[in-house]
Amino acid sequence: MDIIKSLHWRYAVKSFDPNKNLTPDQVERVKDGLQLTPTSMGLQLMQFIIIENQDLKNQIVPFAYNQKQVADCSHLLILCRKTHVEENDILSFVERTGEVRELDNQNPTLLNYEKMLRNSLSLSIEQQKAWMENQVYIALGNLLTVCAAEKIDACPMEGFQRAQLDEFLGLPEKNLNAVVMCPMGYRSKEDKYSRVNKVRRLKDDLFTEIK
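Counting from 1039, one number per residue, gives the positions in the sequence shown under my numbering.
The reader is advised that the hints may include incorrect statements.
Taking lysine-lysine pairs in the DSSO-like style, the calculated list, with each CA pair at most 30 Å apart, reads [said to hold, decoys possible]:
| # | residue 1 | residue 2 |
| --- | --- | --- |
| 1 | K1189 | K1106 |
| 2 | K1058 | K1241 |
| 3 | K1043 | K1212 |
| 4 | K1167 | K1153 |
| 5 | K1058 | K1189 |
| 6 | K1069 | K1249 |
| 7 | K1236 | K1106 |
| 8 | K1167 | K1043 |
| 9 | K1241 | K1043 |
| 10 | K1230 | K1241 |
| 11 | K1212 | K1153 |
| 12 | K1043 | K1069 |
| 13 | K1106 | K1043 |
| 14 | K1227 | K1153 |
| 15 | K1043 | K1189 |
| 16 | K1227 | K1106 |
| 17 | K1043 | K1236 |
| 18 | K1189 | K1153 |
| 19 | K1052 | K1227 |
| 20 | K1069 | K1167 |
| 21 | K1106 | K1212 |
| 22 | K1249 | K1052 |
Label-pair ranges, simulated between beta-carbon atoms [as the list claims (entries may be wrong)]:
| # | residue 1 | residue 2 | range |
| --- | --- | --- | --- |
| 23 | K1058 | E1164 | 49 to 57 Å |
| 24 | Y1103 | E1125 | 31 to 39 Å |
| 25 | P1076 | R1233 | 31 to 39 Å |
| 26 | G1179 | Y1231 | 57 to 65 Å |
| 27 | K1106 | L1045 | 36 to 44 Å |
| 28 | D1243 | G1179 | 18 to 26 Å |
| 29 | A1050 | S1130 | 33 to 41 Å |
| 30 | N1057 | L1240 | 34 to 42 Å |
| 31 | G1197 | E1066 | 27 to 35 Å |
| 32 | R1233 | S1130 | 43 to 51 Å |
| 33 | W1169 | N1057 | 40 to 48 Å |
| 34 | N1145 | N1235 | 24 to 32 Å |
| 35 | D1243 | H1046 | 14 to 22 Å |
Read the hints as simulated data drawn from the structure, not as lab findings.
Remember, predicted model here, so these are calculated numbers, not experimental data.
Note that beta-carbon positions come from the ideal geometry of N, C-alpha and C, so glycine has one too.
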């Protein structure tokens, strides 16, 4: 696999083929990629909602300013952050770390790790929100790379009514807020943007090398 070729191949799809669906294996690959996303301290204070139900996708279209990709895609992914950090977010992660690394819950390394997490997360609610939202965008970047590598078309979207979508999906009751949506599927042959050259700034404009 040539990842650079895959990144050249991908673009923000403007028109999906509504008759083509992702396979269960492809959806699992997307899940694997999101699960492996790096986040600050590894906490993953986020949730990913995958919607395949056509009626539900249709109902979400108005919240996305009638962007048809939401209805025509195979799967609609909604990337959410926690509304705030809860006690169980820390406890469950420390417990999971102990399970995976086979550490007793009184192991000094594990106890010190929990202490570090608590100290690091002594933030205001607004600071927590901004920090967790940034983590979601790391996941989005990872998602788009995985989709490119797997030849899955995608279109990241910030243009939607967050509060209305949150209410529609009952997210606040789950301590969640939607951050970004990403329809996934297959590009339509009619999508003219699949045939235009990708525009990016020259490397000289983007990079400063200090040797």
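To see whether the hints hold, each was checked on the structure:
1. K1189 / K1106: Holds - the C-alpha atoms of K1106 and K1189 are around 21 Å apart, at most 30 Å.
2. K1058 / K1241: Given that 30 Å is the threshold and the Cα spacing comes to 36 Å, the pair is violated.
3. K1043 / K1212: The hint is violated at about 39 Å.
4. K1167 / K1153: holds (21 Å)
5. K1058 / K1189: holds (13 Å)
6. K1069 / K1249: violated (39 Å)
7. K1236 / K1106: holds (22 Å)
8. K1167 / K1043: With a Cα-Cα distance of about 35 Å, the restraint between K1167 and K1043 is violated, given a limit of 30 Å.
9. K1241 / K1043: The hint holds at about 17 Å.
10. K1230 / K1241: With a Cα-Cα distance of about 27 Å, the restraint between K1230 and K1241 holds, given a limit of 30 Å.
11. K1212 / K1153: holds (26 Å)
12. K1043 / K1069: Roughly 22 Å separates the two Cα atoms, so the pair holds.
13. K1106 / K1043: holds (28 Å)
14. K1227 / K1153: violated (54 Å)
15. K1043 / K1189: holds (11 Å)
16. K1227 / K1106: holds (15 Å)
17. K1043 / K1236: Roughly 12 Å separates the two Cα atoms, so the pair holds.
18. K1189 / K1153: Roughly 42 Å separates the two Cα atoms, so the pair is violated.
19. K1052 / K1227: holds (11 Å)
20. K1069 / K1167: Holds. K1069 to K1167 sits at ~24 Å (cutoff 30 Å).
21. K1106 / K1212: holds (28 Å)
22. K1249 / K1052: violated (41 Å)
23. K1058 / E1164: 49 to 57 Å: Since K1058 and E1164 have Cβ atoms about 42 Å apart, the given range 49 to 57 Å is violated.
24. Y1103 / E1125: 31 to 39 Å: Check passed, 38 Å falls within 31 to 39 Å.
25. P1076 / R1233: 31 to 39 Å: holds (34 Å)
26. G1179 / Y1231: 57 to 65 Å: Given range 57 to 65 Å: violated, Cβ gap about 20 Å.
27. K1106 / L1045: 36 to 44 Å: violated (25 Å)
28. D1243 / G1179: 18 to 26 Å: 20 Å Cβ-Cβ, so the 18 to 26 Å window holds.
29. A1050 / S1130: 33 to 41 Å: For A1050 and S1130 the Cβ distance comes to about 35 Å; the hint holds.
30. N1057 / L1240: 34 to 42 Å: holds (39 Å)
31. G1197 / E1066: 27 to 35 Å: holds (28 Å)
32. R1233 / S1130: 43 to 51 Å: Holds, at about 47 Å.
33. W1169 / N1057: 40 to 48 Å: Taking Cβ atoms as reference, W1169 and N1057 lie about 41 Å apart, which means the hint holds.
34. N1145 / N1235: 24 to 32 Å: violated (55 Å)
35. D1243 / H1046: 14 to 22 Å: holds (18 Å)
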